[in-house]
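Student: Given the coordinates of chain E, work out where chain P should sit on it, guided by the hints.
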Amino acid sequence: MKRIFNIGEILFWSYWRYTLAKHLNFMKLYLLTFFLLLSQCLIAQNKYTISGYIKDANSKEDLNGANFFIPSIGNGTVSNTYGLYSITLEEGVYQAVISYLGYEEQFKEITLDKDVQLNITLKPVQNVIGEVVISDTKAKARENVERPQMGIAEITAKDIKEIPVIAGEKDLLKALQLLPGVQSGSEGTAGFYVRGGGPDQNLILLDEALVYNPYHLFGFFSVFNVDAIKNVELIKGGFPAKYGGRLSSILDISLKDGNKTSFHGEGGIGNISSRLTLEGPLIKDKASFIVSGRRTYLDQLILLATPKEAKDQIPQVFFYDLNAKLNFQLTDKDRLYLSGYFGKDKFKVQADENLSFSVPWGNTTGTARWNHVFGKKLFLNASAIYTNYDFSFNTTVENEDSLQNVSFDISTGIEDWTGKLDFDYYPSVLHKVKFGLNYTNHTFSPTTAKQFIAFLDSTITSPNMQREVHEMAAYISDEWTITNNFSTYIGLRVPAFVYKDTRYIGVEPRFIANYQINKNQSIKASYTIMNQYSHLLTNSSLSFPWDIWVPSSDIIKPKTSQQVAAGYYANFKDDEYEVSVEGYYKDMNNMIEYKEGADIFSQDTLENQLTFGKGTSYGAELYIKRRTGRLHGWLGYTLSWSNRQFDELNNRKKFAAKYDRRHDLSLVAIYDFNSKWSFSAAFVYGSGHSLTLPVGRIWIPNNELGGSGSYYSDFTERNGFKLNAYNRLDLGIKRTKKYKRFESIMRFDIYNLYSRRNPYFVYLDQERDQLSNENKFVAKQVSLLPMVPSASWNFKF
Amino acid sequence: MKVNTYIFTLLIILTTLVACEQTIDLELPAYENDLVLYGVLIAGEQPQIVVTESTGYFEPLNNRDRVKVINNAQVTLNDGEATYELWFDDNMTNYTFYAEIQNGEWGRDSLSLGGYTNNMTIEAGKTYSIEIKHAGRTITGETTVPKKININSASYEIEEFNDPFYGGSTCYQDKKEVNFDDADEENFYQLVANVDRWSFKYCDQFVDGTIIEIDSCSRGKNDRFYPILSDETFNGTNYTYQLYPGFIDCIGGGYRPDTLIELRGYSIYKFALHSVSKELFDFNNSLAMQRNSEDNPFQEPSTIKSTVEGGVGVFASKSAPSDTVVLRVDELY
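Going down the list, the protein sequences come from chains E and P. Each residue of the first sequence is one higher than the last, beginning at 1 in my numbering. Each residue of the second sequence is one higher than the last, beginning at 798 in my numbering.
Each hint can be trusted.
Within a straight-line C-alpha distance of at most 20 Å, the following computed EDC-like cross-link-like pairs (lysine to aspartate or glutamate) qualify:
hint: 1; chain 1: P; residue 1: Lys-1102; chain 2: E; residue 2: Asp-647
hint: 2; chain 1: E; residue 1: Lys-595; chain 2: P; residue 2: Asp-1079
hint: 3; chain 1: P; residue 1: Lys-1075; chain 2: E; residue 2: Asp-647
hint: 4; chain 1: E; residue 1: Lys-344; chain 2: E; residue 2: Asp-390
hint: 5; chain 1: E; residue 1: Lys-653; chain 2: P; residue 2: Glu-1106
hint: 6; chain 1: E; residue 1: Lys-595; chain 2: P; residue 2: Glu-1091
hint: 7; chain 1: P; residue 1: Lys-930; chain 2: P; residue 2: Glu-1106
FYI, nobody ran anything at the bench for these hints, they're computed from the structure.
Next up, chain P with everything else stripped away, as it sits in the complex:
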């Protein structure tokens, strides 16, 4: 049981010692459904814009019904030179999620939600503005698509350390480094690490496994598992980004392997880099913070940082991915 859970249990116990709990209907301010925009433009690709409507917090939790897709909005995209009208494509997006499928039965469910698109191609360096009109509501946003930056090189280093969790045993970890040129301005990046083969030694034992894909496995400015990072600590310098202390934390958010197989070998990593807009960095950070805090009574509530006017959501962009750099890590013990 996590410590926070212990503490929360304590709070409940204390309260029940003296409390007379009473359920009340809170008179909340009337909730007006907002338009919700999710639009991340990627250079070199067609736009994909998802428009939904928010629902009241206290409405029943039905995953299928609660995703209220708006399929009849008027969506226009302007690149400073021309205005493009986007149309609704029923099959544009397909999402899966864990949900109560039948009464009391939970499992994987999927939905085809659709979204707005156009045959136009997003170009790096251009500023796009979006306007969405629906039922008297208008939502707007603007983003400038960042330019692609290539990875110069990737390398690694085997680090030996004493892990207190394992009673101070001698342990090993790979420190993988990705090197790219960072312009002298405020920049934001998304590092994508795909792992074709995975094998490493940890605490005098070898752990082996095959990971199909680890998307966006990196650490952000707050040293957490954030997929997108800010360069505020290395702005203007030739930065070597370090996957530290190794992707083991990224795989399972603190997961430590319990299946130990004696197999010496090597790992293959494939790195690619996106430059992303500040809007995406801010919005995704706020999502991650809310996900971390929602079940923790000792963590401050976190609100979503919308980057659009007139509704909720994000209108942002990112560059095309850099050329892929392959790194082989040999476990040389």
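Isolated chain E (complex conformation):
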């Protein structure tokens, strides 16, 4: 922990101030704006504050994003991540409507002649099959129209549990891929790409801790155990100022706090893994815990089915993860949260009697948070966060003669220590101000290689490439309701980065305007700038987890992006339907690719193997959701373009990004037949990804190389070939049986119902041509997953 507080020696305040001065004119505008806004609040008279926490009535879990609405003034507030709300109004008597997704609305009459502390508990809605199936409450539904927020894709844990799954595994990231603007990577994998950005452009936070590699089993599953998740929010544009460090998206995941009133459990047994979550009070209504674990047993199943003599040849493939959280209410104004994640993948293969591979990797995170409420209007969240990601690849050749033994190990990883202070300030009903500071100490270990050769008694270790860097930021924002139908979000974030003598500072304005046409329709526009100082180097032809994270340096400049977006949002039929159409244009600079011919295992310095360019992406997203009714679900469609342009690639010509996908369609339907049976279906269609392929051969005498003539490949334009389109249909059937204290859920799912052979990757191979009896090259497409049926049993108590 000592490293967290070593801020003084690295903040370089004087340098920061100097650099800020260069942006002074710009800053002045913002500071003036905030000053005016705050002064407006200060001159108000006879105002009082209502504040408190909004919680789940059963578990006493804090509810993030619950609505506290005052119909008479047509305005209200929303609880923050920790369930706190605060609203300041003139003296009087008010009717308040408190609502939250999946909970019963509650009405309160409040006489406001002094500051009021009001903690509210909301009861979860019981699914009543008949006239109406509750999905979202109306007040929550109206947020889509009323609040100055856009580019947000929300999916509930309930939705994730409803949609069809593969191998019985509920998966958060695969569920997100079904939303517009979010594209999947390769077949079956959990990787996601947002609005034309690369996989490293997504900031993935688990209880505020950054997760660098959110994948298990080489990307087929994500590391997030759905049973332990409370909230998920994916922001694709219009980024709040509290977030930064990535260009394309913020995925903010909160773990459950643990039930404060009674002991509960949840779990499941699937085709490849089982999981168990336990939660309960440590001190009733004051302290709680939750612990959630998961482990695959595919390796054990394979072993059972393998003859004894062949067991050594069976690959060991498994992963496990563990989430744990403790939650203490110290006083009415103080809370303490301790949470952690630990996950590990192991992959070991005995390729032959001598040669074995081992590929372990994993993430570890730890978060300690302290919440404190100052008075009625100011809320503090102070966090100390640890993140570690490591990946290694080990290969060993062992012989009877031990002198012939050889081993080669390569590893990469990152370790972060972060300190954060986040404040929420509610000066009046018209303003919701947030401000804060954060600092992260990153230690990057891009690659370390070690080779041992027994007969030479020689161990060679690559030079230490470890890089310690410092990243920090300050931010301030205000969600300002200017009139009843016009509201804005104005924010400013100033990030800074230090690595040895290299220092970067950014100025990131964040702006959203929302004009509400009428009760059910609004139009919004946003403008945001983002900087990114950590970069993932990805081989253009392979996507394997030994992609390497590197920090910015004097040569690797920070990636920057500007995004403008505009959209139309509407609710119809008494909020039963939600529709949005959003268009965006994103301009990205200092994008990174490997140079042509670069070798990811080369001894050359990283910087020498990289080339830098720019990118643009633009498109439109359509989202239609039916919130209520027996048949509910959504349709998402994205039309998009994503291009790159590098001086050293593709003869300087613009080329399609690897995951440029013109059309992306998702249709999710859930039908609740009765209180026991429900059916779900998901259909996805996506245009093929881009690929660079050789199409011709040229013969060069090349006297200059001292040779006697060689053939070379003539490639398409970079990423000039498109793989076949992707599509599949998944079905799921769920049977829920409720007992007095126990709930049993059986699921049967079919992934890829019509066994579509979707492309996973393409490779070139030599074959004998039957006609000419000569060798020739052929292109082969590998498809991974045909129709995959699965059954799983889940339970709750």
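Tutor: Quick look at chain P alone, frame taken from chain E:
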């Protein structure tokens, strides 16, 4: 087995755990054969221009048939003063390569391909442009022939070091230096090292052999076995180019001698230098990168950097070779 091969095997193993491989006919964009030009003018010599046609990547691999020489193109060379028409000479070039000669049998094969030439002599300092017309296609290029630069001197130094590959043993290597004047501009060179006699001590043992010729044995700007180097790191200064860490790497691309003969002696090196045009540097670098990357799934694909318009290939030039400088390296242990 190389580490990259290990890793690729791992990838295949992983894939086969869950994959259902399916061979498909990719619908590639229709491939139109390109004209391919290989023309490197050398000052003081007659032009030699080879024109071929590219073939589809997925056509059968027949070395003889796939080299589609164009022998009826209209080829003209202009030196800024006059235009010269080149004619096709059947016997101009003869190439050998390793190929499948008969069904399943591999060996050395040779082809006489021919090329375009003229009795004119290429002159240093002149800018030449080429135009080739064939079957409605036109390919053009331009190059300025660089001037000859002589080597001032060649020297060597015996360096002692500990080689981790040999368990940290004390080893020796010759650092051979070639000195020449580098003009204050962007320059590119090709250093040719011929070795008449070869003997050196490595790790307290003597290695002896006779190498007939090592052409273009040098290192380029990326510290690899590139035959042609850029002066971007020493532009405008009197540069001493160093064959480092010794030609042992150049001979076999990382080869280490396994035939050890106790013979103390000396080595004879003959160095010559060409100035070359940037087109040749860029083109040859791209060839070398593609050759290095084609069998390595963990290396980025590399495309050929054509220096001509309307087709593929290179039109470039180099100076006449410098005067040869002889260096004798005595193994003084």
